[in-house]
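Chemist: So the chains spell out like this:
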Amino acid sequence: MTDEKLLMKILPEVEKPARYLGGEFNLPDMDKPCDERVCLCFADKYEVGMSNIGLRILYHMLNDTDGVVCERAFAPSTDMAEKMRQNGLRLFSLETRREFCDFDVVGFSVGFELAYTNILYMMDLAGVPFYAADRGEEYPLIVAGGPCMVNPAPILAFFDAILVGEGEVNLASFVELHRKCKAEGLSKKEFLERAAKLEGVYVPSIGGTVRRAVVKDLDKAYFPTKILVPSCDIVHDRSTLELFRGCANGCRFCQACFYYRPIRERKKDTLLRQAKELITNTGYEELSLSSLSTSDYSDLKGLVDGLKEEAEKEKVKLALPSLRLDSFEAEIYEDTKGASLTFAPEAGTQRLRDVINKNVSDENILSSLRAALAHGVKNVKLYFMIGLPTETEEDLKGIVDIVKLVRKLHAEYGRSRLINITVSTAVFIPKPLTPFQWEEQITIDEMYAKQDYLKRELKLKNVKYSWHDAGSSVIEAALARGDGRISAVIERAYRTGCVFDSWNECFDYDKWIAAFSYCGIDPREYTGAIPTDAPLAWDFIDNGVTKAYLLKERTLAYEGVTTPNCIGKCNGCGANKLGRCFQ
Amino acid sequence: MIVLRHRKTGDASFLSHIDAMRVLQRTMRRMKAEVRYSEGFVPHMLTYTTTPLPLGVQSVAEYFVADSPLTDEEELLDRFNACVPSGMRADLCRVTKGNPNLAARVVASSYEVRAEERITDEVLKIMSMPEYRMRRIKKGQEIDEEVRSRIYALETDGDKLFMTLATGNENLRVDSFVESLSRFGVRASANDIVRIEQFASLDGRFVAAKEILQ
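So the protein lines, in turn, are chains A and B.
All the letters of the first sequence, read from the start, carry residue numbers 1 to 583 under our numbering.
All the letters of the second sequence, read from the start, carry residue numbers 1001 to 1214 under our numbering.
Chain B with its partners taken away, still in its complex shape (with noise of 0.2 Å):
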C-alpha cells in the first residue's frame, strides 16, 4: 500500500471529494504507477481517503490510499508531485503492509482559521461551557445540534484560531462549526479554514495519521 499526505490548497480546495478522488486515481494513472483493481464487472481502481473536507476548506493534511505493490517512498514521492495538479501536492510518502484502514482510524483533525479581524478571548468560553448547540444544514433541512463533547481544544493568536474537532465517525463540520462562531465575532469563510494534521487514537492519546503508517 502506498499513503500519501497531500494538500488541497488553493482552487483545488473547492474540489469535491467525488473529483478529487478522480484527480488522483488519474495521477496514478499519469505516474504510470501499478494500482491493484477491483475485479467486479466494472474494475475500479482500489484506493481509499479519510472524512472528506467541506467544499473550500483548505488541507495540508489529507491521506490517500493506493492499493499498490511499488516500495520506493522517494522516487513515488517524486513522480506523484510530477503528475498532479500543483494544489494537490504531497509532502510525505509512506508504504505499508497492510490497509492503515485510515477512515476508520482517523477520530481528529487540527485546523487553523485566519479570521478576517483579531479574535478576542471569548470564544474560548466554549471550552468550559457544558453544552454548545449550534445550527447546520443536513440534507437539505436545518437541525440543531449539541457538539461540545466533539471540540477538543481551542486556542486563538491575533487574527487566528487553532482548533481540534472530531472526525470519522463522530464528524464535527468544521465549516459549520466555524460558521457558528460568529456569535462570538469569529469572521471567516470555509476557505480561510486549513485543516493541519489529521489524528488517530493511541493508548488514549491523539497521534499524527503519519505516525500510524506502518
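Just chain A, same shape as in the assembly (with noise of 0.2 Å):
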C-alpha cells in the first residue's frame, strides 16, 4: 500500500493533483467483501481514461459483481512520476492507493497504438517487468483488451492475456474463472490453460486462433447510470449514452466501422430510462450521443425528441455529435441551437469519396450546406484526409474548392461577415480490418508536399487550415499493421524516453526511428504494401468480418464502385456469425 502521508507531501508539488486521488461522487464500495481485485488501467493521462466509455462500463459491471472490486490506475503525468522515482512510491490505484502486486488482475484498455510506450512507462513505474514470460506467480495476471486488439501482435509479448472483443463478455468470465482457480489453489500456467478456452480470450503462450466475443443482445447488456462524476475536468465531461455498436456505412478506410460489428442497437425506451437515470444520479450539465454514425440510429427522430423533453426540464444541454453529412437532418439540427457545423467530407472529389466509400454526394454537401447557412451557422468545420488510396493532386484541389464553395454559399445567403471555416486533414493510415489493410502509406516526405499544398492553397481570410502530424501518422501505420518484431522497437522507443506518444507536445520522431533501426528494422516494411496473398500478422483473430469480404472491398475501391450502406439490406461481410445484426 503506498505511504499517504508521503503522497500527501508530494501532490502539492505536482500538476492537477486530484487526477491522482479518486475520490468521485457515485464511487462504488471498495470495502465490501471481496475475493477477487481487478485494477483497469488506461495508459494514458486520468482526463483522457476517464472519458472512455469503455472503461467507465467494464469499471462499473466488475464493481456491480458481487465479491469482486475494481479499481482503477493511469498513466501519471511526467511530473508526477519524476516525484514518485525520487520518493520511491510506485504506481498505485486511485481507489486504495494499492500497488499492482496486490491485485489479482490488472487489464489495460488499449484503444490507440501510440499508447503502446504508456503499457510500459506504467509496468516500469509499477515494478514490474515487461515481458510476461519474466513475471512468476507474485505478480498479477496483466492483461490487454480494447479495440487495438484487433492486432495485438506488437504487443503479445507483454501480457499473459489478450481479451479480443467486448469486454462485458470475455473480462467478465475471465475474471470469474480465476476466482475459481484461486480457490480451487491453480497456478498461474494452470489457470492460463483454462482461461485459453474461453469465448475471446488468447493466452500467447499457448497459442492458437481466438474469435472476437460480442454482447449479443446489447439492449440488455450491461450499462452503469450510477458513474463516476470526476471532480477534476476531463476531456469528456458529460454523461453519454451508447446508442448502438458498429456502422452499417462501411467507408474503406475506417477501422471502427468493421470492428464493432455487427450492428446492435439499443431500443429508444431503455435509451430514454438511462438518460433519466443518468441525469439523476450525475448532475452534469451536459449529455451526448455516442455510436460511430447517430444519425443511423433507427428512431433518431424519436429518441431526441423524447431526450428534448427531459433535458429541457433538467437544464440539460444535449449534444449530438458524429452527424453524417448525408442523412444530416436540419430540424434536428436548428433545434440543438448550434452555432457550428461539423461535415467530414474526408476527400475533395466525388471519384476518391466513391474508393473510399463514403457515401456523400457532391448534391448531399450542397445541400446540407444550404440548410445549415440558412440556419445561420458562423462557423463550419471541414475533415479530410491526405494520402488516400488512388489519390491525386485533382483530390486535393478538390479540399480547396470545397472550401471556397462554403465561401461563396455563404455570401449567396447575404451575410456580411465572413464565414469561419476549419479545416482539418489528418493522415491516411492503413489499418487492419480495413479494406485498404493491405494498402501502402504515403511517405513522410509525401506527407510534408501534400500538407504544404493545402497550407499554401487554404491561405485565405477567416480558413483556419490544421494538419495531423506527419511523423506520428508514420509510426501509428508501423505499430498499427506490426508484428511480433515490434515489441522490441517499443521497448527500445520507451526506454530512450518515449512516452505520452499520442500528445503531440511529446511525441519524438527521431527516437522512434532510431528505435526501428537499433532493432535492425525499416519502418517502411510496415507501412508500406502488402502482397493480398501474403499472411498477416493479425490473421489468427476471426474478428467476424471476413478476409474474402475486405479483399472483395478493395476490388470494389480500384474500381471506383461504391457499397451501399447495411441498413436494408445484408452486404455479407461475415460480422453476423458474432451475433446477429439489428435484431
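It is worth saying that the hints were derived from the structure and are not from the lab.
Among the hints, erroneous ones may be present.
Claimed, not checked - Dumping the calculated DSSO-like pairs for lysine-lysine here, alpha-carbon to alpha-carbon at most 27 Å: (1) A/LYS216 <-> A/LYS268; (2) A/LYS301 <-> A/LYS315; (3) B/LYS1032 <-> A/LYS317; (4) B/LYS1032 <-> A/LYS308; (5) A/LYS5 <-> A/LYS45; (6) B/LYS1032 <-> A/LYS315; (7) A/LYS459 <-> A/LYS408; (8) A/LYS83 <-> A/LYS511; (9) B/LYS1139 <-> A/LYS45; (10) A/LYS547 <-> A/LYS577; (11) A/LYS197 <-> A/LYS180; (12) B/LYS1138 <-> A/LYS83; (13) A/LYS216 <-> A/LYS301; (14) A/LYS404 <-> A/LYS381; (15) A/LYS276 <-> A/LYS317; (16) A/LYS5 <-> B/LYS1160; (17) A/LYS308 <-> A/LYS268; (18) A/LYS267 <-> A/LYS216; (19) B/LYS1160 <-> A/LYS9; (20) A/LYS301 <-> A/LYS268; (21) A/LYS45 <-> A/LYS9; (22) B/LYS1139 <-> A/LYS16; (23) A/LYS9 <-> B/LYS1138; (24) A/LYS268 <-> B/LYS1032; (25) A/LYS226 <-> B/LYS1032; (26) A/LYS226 <-> A/LYS315; (27) A/LYS180 <-> A/LYS32; (28) B/LYS1139 <-> A/LYS9; (29) A/LYS397 <-> A/LYS381; (30) A/LYS315 <-> B/LYS1097; (31) B/LYS1032 <-> A/LYS276; (32) B/LYS1032 <-> A/LYS313; (33) A/LYS569 <-> A/LYS216; (34) A/LYS267 <-> A/LYS226; (35) A/LYS83 <-> B/LYS1139; (36) B/LYS1032 <-> B/LYS1097; (37) A/LYS404 <-> A/LYS459; (38) B/LYS1138 <-> A/LYS16.
Please assemble the complex out of the two chains, which come individually in their own frames, going by the hints.
Modeler: Laid out in C-alpha cells, this is it:
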C-alpha cells in the first residue's frame, strides 16, 4: 500500500493533483467483502482515460459483481512520475492506493497504438517486468483488451492474456474463472490453460486462434447509470448514452466501422430510461449520444424528441455529435441551437469519395450546407484525409474547392460577415480489418508536400487549416500493422524516452526512427504495401468480418464502385456469425 | 439564499477552486435543489464562495452560497450530504434573506498546522517583530513581501501551530507563510494545514462567519 503521508506531501508540488486521488462522487463500495481485486488501467492521463466509455462500463460492471472489487490506474504525468521515482513510490490505484502486485488481475484498455510505450511506462512505474515470460507467480495477471486487440501482435509478449472483443463478455468470464481457479489453488499457468478456452480470450504462451467475443443483445447488456463523476475537469465531462455498436456505412479506411460489427442497437425506451437515470445520478449539465454514426439510429427523431423533453426539464444540454453529411437533418440541427457545423467529407472529389466508400455526394454537401447556412451557421468545420489510395492532385484541389464553395454559398445568403472555416486533414493510415489493410501509406515526404500544398492554397481570410502530424502518422501505421518484432522496438523507444506519444508535444519521431533502426527494422516494411496473398500478423484473430469480404471491397474500391450501407440489405461482411445484426 | 459550511478535506483538498465550484454546482443539481440562473446568453448557476484555499490546504469551514428560494435548513443539509463527495460534506446550513456577501466580509481565517515535529516557541517571536518578510511566487515570479500586519495571532501546542491570518482583499497565502516558517524549524506541507474558521469583522472584533448569517 502506498505511503499516504508521503503522497500527500508530494501532491502539492505536481500539476493537477486531483488526477491521482479518485474520491469522485458515485465511487463504488471499496470495502465490500471481496476475493478478487482487479485494477483497470488506461495508458494515458486521467482526463483522457476517464472520458473512455468502455472503461467506465467495465469498471462499474466489475464493481457491481459480488465478491469483486475493481479499481483504476492511469498514466501519471511526467512531473508526477519524477516525484514518485524520487520518493520511491510505485504506481498505485486511485481508490485504495494499492500497487499492481496487490491485485489479482491488472487489465489495460488499449485503444490507440501510440499508447503502447505508455503501457511500459506504467509497468515500469509499477515495478513489474515488461515481458509476461519474466513475471512469476508473485506478479498479477496482466492482460490487455480494447480496440487495438484487432492486431495485438506487437504487444503480445507483454501480456499474460489478450481479451479480444467486448469486455462485457470476456473480461467478466475471465475474472470469474480466475476467482474459481484461485479458490482451487491453481497456478498462473494452470489458470491460463483454462482461460484460453474462454470466448474471446487469447493466451500468447499457448497460441492458436481466437474469435472476437461480442455482446449478443446490446439492449439487455450491462450499462451503468450511477457513474463516477470526476471532480476535476476531464476531456469528455458529460453523461453519455451508447446508442449502438457497429456502423452500417462501410467507409473503406475505417477500422471502427468493421471492428464494432455486428450492428446492434439499444431500444429507444431503454435509452430514455438510462438518460433519466444518468441525469439524476450525475448532476451533469450535458448529455451526449455516442455511436459511430448517430444519425443512422433507427428512431433518431423519436429518441431526440424524448431526450429533449427530459433535457429541458432538467436544464441539461443535449450534444449530438457525429452527424453524417448525407443524413443531416436540419430540423434536429436547428433545435440544438448550435452555431457551428461539422462535416467530414474525408475526400475532396466524388471520385475519391467513391473509392473510400464515403457515400456522400457533391449534391449532399451542397444541400446540407445550404440548410445549415440558412439557419445562420457561422462556423464550419471540415475534416479530410490525405494520402488515401489512388489520391491525385485533383483530389487535393477538391478540398480547396469545397472550402471555396462554402464561402461562396455563404455570400449568397447575403451575410455580411465572413464565415469561419476550419479545415483539418489527417493522414491515411492503413489499419487492420479494413479493405485498405494491404495498402501502402504515403511516405513522410509526400505527407509534407501535400500538407504544404494545402497550407498554401488555404491561406484565405477566415480559413484556418490544421493538419495531423506526419511523423506520428508513420509510427502509428507501423505499429498498427506490426508483428512480434515490433515489441522490441516499443521497448527500445520507451527506454530512450518515448512516452505520451499521442500527445503532439511529447511525440519524438527521431527517437522512434532510432528505435526501429536499433532493432534493425525499416518502418517502411510495415507502412509499405502488403501483397494480398501474404499472411497477416493478425490472421490468428477471427474478428467477424472476413478477409474475402475485405478483398472484395478492396477490388470495388479500385474500380471506384461504392457499396451501399447495410441497413436495408446485408452485404455479407461476415460479422453476423458473431451475433445478429439489427436484432 | 442557502449558505452551507462544508469541509474540504483529504482528497478534496487537492481540488482547484474552479473544480470545487463545479462539484458543488453539480451537487445542487443532484439534489434537484432549485437554484437561480443568470439571465445571460449562457445561463450559469448563481453561487458564491469566499477566498479560495491554496491547492492541498484542507478546511473544515468553507462557505458555499447558492441563490435558492428553498428554506428547510435541516432537509437541505441532509440532501446536500447525500449528494456531495465525502470530502466536501457540510456540517451547517443557514437560510438567509439576502446574499450575505461573504467574499467581501470575510477578513480573517484561523488555521491549524500539524508539523512534522514539535514546534519551539521561537516562531512566536514573529508577533513582537516590527516587520516580517517572506518570499513567494506570484504569477510565476518570486516576490519578497512584508506581511507582518496580516498576521493576527500565533500559538503553539506541541507539534501544532494555531494561526489567524488575513483573508480576502488583503489575503495572506497560508501555504507560503507556513513554508516561510522553516526558518524557525517548522516543517509542514500544504496538506498539513487545516482552515478552522473564517471571520468577519463586526464592531472591531472578529466573529465567525456563521454568526453573521441572517
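Chemist: Straight-line Cα separation of A/LYS404 and A/LYS459 no greater than 27 Å?
Modeler: Roughly 11 Å separates the two Cα atoms, so the pair holds.
Chemist: Would the hint linking B/LYS1032 and A/LYS308 be met if the CA-CA limit is 27 Å?
Modeler: It holds: about 18 Å lies between the C-alpha atoms, which stays within 27 Å.
Chemist: Check the hint pairing A/LYS301 with A/LYS315 against an upper bound of 27 Å on the C-alpha distance.
Modeler: holds (20 Å)
Chemist: For the pair supplied as a hint, A/LYS83 and B/LYS1139, is the alpha-carbon distance within the 27 Å limit?
Modeler: holds (23 Å)
Chemist: Sort out whether A/LYS577 lies within 27 Å of A/LYS547, counting only the CA atoms.
Modeler: holds (14 Å)
Chemist: Is the hinted pair B/LYS1138 and A/LYS16 satisfied, with a Cα-Cα distance of at most 27 Å?
Modeler: OK: B/LYS1138 and A/LYS16 at ~18 Å, within 27 Å.
Chemist: CA of A/LYS83 to CA of A/LYS511, is that 27 Å or under?
Modeler: holds (24 Å)
Chemist: Holds or violated: A/LYS226 with B/LYS1032, Cα cutoff 27 Å?
Modeler: Between A/LYS226 and B/LYS1032 the Cα gap is close to 16 Å, so the pair holds against 27 Å.
Chemist: Does A/LYS197 pair with A/LYS180 here, judged by a C-alpha cut-off of 27 Å?
Modeler: Measuring from Cα to Cα gives roughly 15 Å; hence the hint holds.
Chemist: Verify the proposed pairing of B/LYS1139 with A/LYS16, using a straight-line Cα cut of 27 Å.
Modeler: holds (17 Å)
Chemist: For A/LYS45 and A/LYS9, compute the direct alpha-carbon distance and say whether it is at most 27 Å.
Modeler: holds (21 Å)
Chemist: CA of A/LYS267 to CA of A/LYS216, is that 27 Å or under?
Modeler: Distance of about 14 Å is within 27 Å: holds.
The earlier numbered hints are all upheld by this structure, with none contradicted.
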